[in-house]
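Asks: Sequence:
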Amino acid sequence: MSDPFDIDNFSADDNPLEAPAESGPPAYMAGLNAPQEEAANTLDGPLLILAGAGTGKTRVLITRLAHILTTGSAFPGQILAVTFTNKAAQEMKERVRAIIGDAVESMYWLGTFHAIGVKIMRNHCDLVGLSSNFTILDSDDQLRLVKQIVRAHDIDEKRFNPRILAGLIDGWKNRGLLPNQVPAGEAEHYAEGKGITFYAEYQARLKSLNAADFGDLILLCLVLFQKNPQVLAEYQRRFRYILVDEYQDTNIAQYLLLRLLAQGHQNICCVGDDDQSIYGWRGAEVGNILRFEQDFAAAKVIRLEQNYRSTKHILGASGGLIEANQNRLGKTLWTETTGGEKVTVNPVWDGREEARVIGEMIEDRQRKGQQLSEMAILVRAGFQTREFEERFLTLGVPHRIVGGYRFYERAEVRDVTSYLRHVNNPGDSLAFERIINVPKRGIGAATVTKLHHISRQENCTLAEAAARIIDRGDLRGKAKNTLGQLLQDFARWRDQARDNDHIALTETILDESGYSEMWRLDKSPDSQGKLENLGELVRAMEPFEGLDDFLEHIQLVMENSQSDVQDKVSIMTLHGAKGLEFETVFLPGWEEDLFPSKKSLEEHGEKGLEEERRLAYVGLTRAKKEAHVFHVASRFLYGKYTSPIPSRFINELPAAHVEIQQSQGMYGQATTSGFSDSPPKWSQGYNNPTQLDRSRAKRQTPRPKGRSTTASAFSIGDRVFHDKFGYGAVLTCDGNKLEVDFEQGSVKKVMDSFVSAA
DNA sequence: CATGCTAGTCTTTTT
DNA sequence: GACTAGCATG
Ligand SMILES: Nc1ncnc2c1ncn2[C@@H]1O[C@H](COP(=O)(O)OP(=O)(O)OP(=O)(O)O)[C@@H](O)[C@H]1O
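Counted the way my numbering counts, the first sequence spans residues 272 to 1029.
Keep in mind that the hints were calculated from the coordinates and are not lab data. On a predicted model such as this, the values are computed, not experimentally measured, just so you know. Heads up, the beta-carbon is just placed ideally off N, CA and C, and yes, glycines get one too. Accuracy of the hints is not assured; some may be wrong.
Lysine to any residue pairs mimicking SDA-like chemistry, simulated, CA-CA at most 20 Å apart [as the list claims (entries may be wrong)]:
id	residue 1	residue 2
1	465	449
2	390	506
3	895	611
4	418	689
5	896	873
Simulated restraints, written as ranges between beta carbons of each label pair [claimed, not checked]:
id	residue 1	residue 2	range
6	564	505	38 to 44 Å
7	665	800	18 to 24 Å
8	783	876	19 to 25 Å
9	1012	665	53 to 59 Å
10	874	393	44 to 50 Å
11	564	800	42 to 48 Å
12	657	610	50 to 56 Å
13	605	564	21 to 27 Å
14	373	449	16 to 22 Å
15	393	793	24 to 30 Å
Based on the sequences and whatever the hints tell you, model everything.
Replies: Pasting the structure below:
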């Protein structure tokens, strides 16, 4: 990797890339509309591009970046370009490459906030109080550390969940607050007000582990700059231009960091959309948009209003939905495109049918020539991907689960990386603790507790504590030998690490530690897969220059970048879909409690609801041509079937842009839809017939409580009444699904809660 | 200290 | 229903 600091070797008037053509706008500007072009041409001074979905914000940002480079206004290494996710960073890099070619490789400072934070911290680790090989802890490690602290203080974990403390600490870090800056009185209710003290202790522990958590990657940079004006000045000079994508998702700490860096030249350009702010739970602060204009008095604001992505109906549906939010800046969006289909709302029976129907629709579109990669299923929560995965596996529909279960989160992979982490950073006691008894070495909880005691008492690492306890002869039997052996092993591995062959090192460790052996002897059916994953891990290490490179990568870039170019349907969360676009988008699971998420509403009330609504807006606006919303009558959740009601968001879609599909096969929809141009107030009750039917059915046919759902309240031959189909006789009974021969002459599958005994 | 069982939690979303 | 932390047992 090129040294980021070598730019000083260049003189200012060296032109890194070709100068633009003499006359007319350069090719990469072609096709931009007037405000877009203005934005791309406004290189100097603070610039805020505030615009709705699909208006070309990202495109403008990238064009502008290309423009800075081609006009020679700055070298690639002098541009700070921040994105929010690794995926977005990758995407931006590729799009810039398409314009400027391989020069993009020297864009050392293009990345996520966190990746950039790490780079800065490694350059100045002495000032940050860490050594350069510091470990980045993920949320799992973080939680374990918090637990240790809570336990050390004899706090009842049942009463004060360590997760809550971890959340509080994250929250403070997101706001840019060190322990001594947290306003007194915050978190009073946690562990009798010890929350802030625990935070301080947590930070101290991180230092002694030579580790930083995700929040630190921003916070410690911020503190570094605040405390060391000369370092800040260095970076202010270095970053001639700052570009920020998805600005609405920055948190306070990130904002403060940007503001410090931009203070000199103020060449900062942020693009964002307040309606797409969906990371509030992670500290994102929409107020940063307003703050930008206040803090940068000279700020120019450009609004983009023409949408190039979606049809009128998709725009109309999503626009109508988002209008239900009170707290928004408000934007206009229009499109030149004509035609297009309405957004469909599809009631289906249950998750399996949801997957079946979507599978069929996908195959149908594929037959008509649409690429699978132009279709996506966007879900609220990760577990929803499963029903599709299972269905598509049997159907043979090529699909890709984006995000999802991550390779580096697998237990066996984490075990191995723990070995590597401890080799790389002997202070990393968390890693040491994880593998101290994996494979089994006869070192149990009692021994580990002893080690913790010593390490606390004598202020040393866990491994040092282990060495001491052996020296002192405080250990008996098997544990003494195996622990001593392990320490020797690590010493030897560290020796070998100096050869800088991290792949050979890993293979040695796998072999000598007995870890591979452990799985080879394991008789469980998945041991084979685990072994394969170990091989996969070693292969994944190949592109990296060294152990530290690799470790940093896996802590920072959790996703497995399977860069296969095969044509596949994407299945991912709504969060993961931000910034992407597809011809056809499927939106399953639009049910109360799932979407909007019950938890979000419980924890954040109206604010939470609005964020959920923005999420729905993001989902709909990913679609270029078609959007299909689904909701089920029966959802399998927490190991049992629930009967959810359709999401309120469905009712909030303006009728003019929506088409309600009549139930596909079996569904208890009795009358026509209750959708209207002016959605009813939620508190007044839900004007969807399915809901009314259901409550009535419940009253009339009480079912025995606690019975398994496979037993129905009806039996074959029962006479029943259905609001739409009238009277009929039950033919078959499968759980709460009934097949009924109606007297009007048809046989229908219906849900038992939609009929009553007659 | 290892193993097997039970009860409780969990499904929001990501760096 | 799946996973896990915590407990009782060998
Ligand atoms: N001037 C233009 N002419 C034609 N197409 C355009 C123009 N500007 C943008 N587009 C297209 O519109 C689509 C959306 O662009 P882009 O992803 O940059 O939007 P965005 O504002 O970042 O969207 P979002 O906020 O929803 O992520 C892209 O397919 C892009 O190519």
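Asks: Now tell me, hint by hint, if it's right for this structure.
Replies: Quick rundown of the hints versus the structure:
no. : hint                   : in the structure
1   : 465 x 449              : 15 Å, holds
2   : 390 x 506              : 12 Å, holds
3   : 895 x 611              : 9 Å, holds
4   : 418 x 689              : 19 Å, holds
5   : 896 x 873              : 35 Å, violated
6   : 564 x 505: 38 to 44 Å  : 28 Å, violated
7   : 665 x 800: 18 to 24 Å  : 20 Å, holds
8   : 783 x 876: 19 to 25 Å  : 55 Å, violated
9   : 1012 x 665: 53 to 59 Å : 31 Å, violated
10  : 874 x 393: 44 to 50 Å  : 36 Å, violated
11  : 564 x 800: 42 to 48 Å  : 54 Å, violated
12  : 657 x 610: 50 to 56 Å  : 36 Å, violated
13  : 605 x 564: 21 to 27 Å  : 24 Å, holds
14  : 373 x 449: 16 to 22 Å  : 41 Å, violated
15  : 393 x 793: 24 to 30 Å  : 38 Å, violated
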